[in-house]
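Enquirer: Sequence:
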Amino acid sequence: MSARIRGYGEELRIRVKEVNPDFLIGAYPSPSAFYIPNLYAGWSSETEPCIIWATEPFSSRRGAASLPSGLESALLPAGYYNFQEGSIYGDEIYGYYVGALSPHSYFSGDWAYHLYNVAKETNGFWIWTTFMFTTPYDVLVEDYSPGYRVNCYDEAENLIRVCENAEEYAQSVGDYYSQMDEMSFHLGKFLEAGSEADLSLSDPQPSMFVLPESVEVPEETLLPLACSDEILVLDSPQLRLRMQHNFVVRADAGEEVKIGVKHVEVGGLVYFDLLTYFVSDQDGEIIKQGYFHSGSSGVVEFVAPSKGQYVLALNPGYSAFSILNSSAPIMIYENETIKIMSIPGNVSFWVGGLDDFSIYVSGSGTGEGFYARVYGPEDDLVDFGGGNATENWKMFELEVSSEERNKTWKLEILPPTSTSGGQVLEDVSIEFTNVGDFFGLSDEPGFFMVEGFGEDCLATPSVPGDPGSSSTSSTGGDDDTDGNDTDDNLTYHPLLGNGTECEEDWECGDWSECIDEEKRKRDCYDENSCGTENDKPKLEKGCGTFAGYENLFLIITATIGILILGGIAFWFKRITQLVDKPVYR
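Numbering follows the working numbering, with no gaps: position 525 of the sequence shown is 1601.
Not one of these hints is a red herring.
Calculated cross-link-like contacts (lysine-lysine; reagent style DSS-like; alpha-carbon spacing at most 25 angstroms):
#  : residue 1 : residue 2
1  : Lys1483   : Lys1597
2  : Lys1334   : Lys1364
3  : Lys1597   : Lys1614
4  : Lys1334   : Lys1383
5  : Lys1470   : Lys1483
6  : Lys1364   : Lys1383
7  : Lys1415   : Lys1470
8  : Lys1334   : Lys1415
9  : Lys1364   : Lys1338
10 : Lys1612   : Lys1597
11 : Lys1486   : Lys1338
12 : Lys1614   : Lys1595
13 : Lys1483   : Lys1614
14 : Lys1196   : Lys1265
15 : Lys1486   : Lys1415
Quick caveat, the hints were computed from the structure, so don't treat them as lab data.
Starting from the given sequences, assemble the full structure and let the hints guide the process.
Expert: Have a look at this one:
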C-alpha cells in the first residue's frame, strides 16, 4: 500500500511538472501519520522539492519550540530540507517547511515573538483562519465558535479570555496587527544583516480563562440505583476527559456537595489553560463559579439551596481534567461526544427497554488508536475491537436481549494492540446512539443514576408543610411521590414520563423444544419497560404428558374441534330449515 500511494504521488508530480516545472506541490497537515509521508515522498525528489504546510506549531502555543527535532541539521544547501535525515518523518521527503500558527491559540502580546522565531528557524510561517482578523465581530459570534476568534487580554488578572463586545475585539485585533508590524521589522533586519531581534516571552505568562458554555438542567428526574453514605472515590487512573464536559448532580436541601477535580496539562504549552467551572440550579441560575490553575487539584464545593438536580460544567480549555471523587451522585450529561485522553478508562451507561443500540469510537488522527471492550450486565463481554492506521474507528452495533434490558452496561477503552500499526492511545471520541444522555464515571449503585428506576435517598418532609419533620424514602419516583406507593407492604408502580402509572405489557416468544425432556423455556419482555415484574408471565414450564407429541396432540385436538363444530352447524341448519319451512294453504 505504501509503494502504491507513493506511486500515485510520483505520477501527480510528473504530470504537474510537465505543465509548470516551478510549481510546488504541497498540503497540510504535517506528514507524521501513516501513508501521508508516502504521498509527500511521491510529490518530491532531491531536485524537485514539495512544500509542507506544517502543523506542529499550530495550536501548541510553543511556537518554534514545537518544531521537529533535527530540522536544522536536515537543511540542504538548496534551502529546503531532507526530512529523512534524523528520521524526522521517516520517508525520503524533500521539501520546504512552513509552520502554521493560529491567532486564537497564541497570546497577542507574544504574537511577534512566535511568528519571528518560526520564520527564522524554517522557511516561513502561515496563519490559519486569518478571517478572524477581518470578519465583523457580530458575524463571528453568530456563525462561529470561540475557537475561530482572537481572544482578549485582561491585564489586571493576567488572563486571556473571550472578548465580550465588538470594541474589545477590535482592540485585540489591533494588538495582533501591531505585533505583526514589529515582527516584520525585526525579521527584515535579520534577513538583511543577520541581526537578532530582542524579543522575549511575557513574564509571567498569562493563563487562558474560558468559562464553560451554558447547559440546561435536565428535566428528567434521576435517582441512584441504591442509597449510600459513602464518598465515591474513583480508582487511579481516573477517566481523563478532554475539553468541556457537563455533569448532573443530585443533592438534598442544605447539603454541602464536594467534588474533587484535577486539571491535566496537555503538552508543553507556553501559557496554560485554567480549569473553569460553574454550578447551576434547577432554574439554570449559576450559584457558584470559579477556576483552578493548570496542573492543580481542587474541590468544587457548593451548598444546595433545595432538593433536586444541579449541573456542574467543567472546561479545561485545550487541556484535560479528571473527577477524583464525589460526595453526591454524579453522571456525565449533555455530551453528544465523550472525549477521553491518553489513559485507559471506563464509561458506564444504562440500557433501558431497547432492542439495539450502537457505539462509535474513533481516534483523533490516524496515529491515535484504541482498543475497546463492551460489557453487558454482570460484566459479560459482549463485543470488542479497535481501529488501525488506515481505519482508526470502530462501530459497535449491539442487540439487546430481554434479560439485558434495564441494566448497567460498560465501555472500556484501552491502548491499541500491537497489531494496530504503531498507534498510541491519545485523543479518543465516543458517541452513543439510542442509549440516552447520562453516563456514569462508575457503575457504583450509590452514584449511578437512572430515570424511572432507583431509590430516592434524600430526606423529604413526612408531613406536608412541616419542614421540621423528615423521613427517608426507600422507593423510586420523583421528588414528590406523585402517586407512587411508598409503603413497604404495597407494590411499587413507576410512573411514565407523562405522570401516569406504568402498566406492564408483556410480549413473549415461542416456547423452546423440551430440554432434557424436563422443561421448555421462552423469553418475555415488557413493551413499556416499567422495570417491575408484577404481571410477568412464566418463562419456564414442564414438558407434560404429551412431551414429544405436541404436534400430534394439536392435530387431534383441532380435528375433534372441527368435527364437533361441523356437527353443531349441520343440526343448527337442519332445525332452521324446519322452523322456517313455509306453510302452503
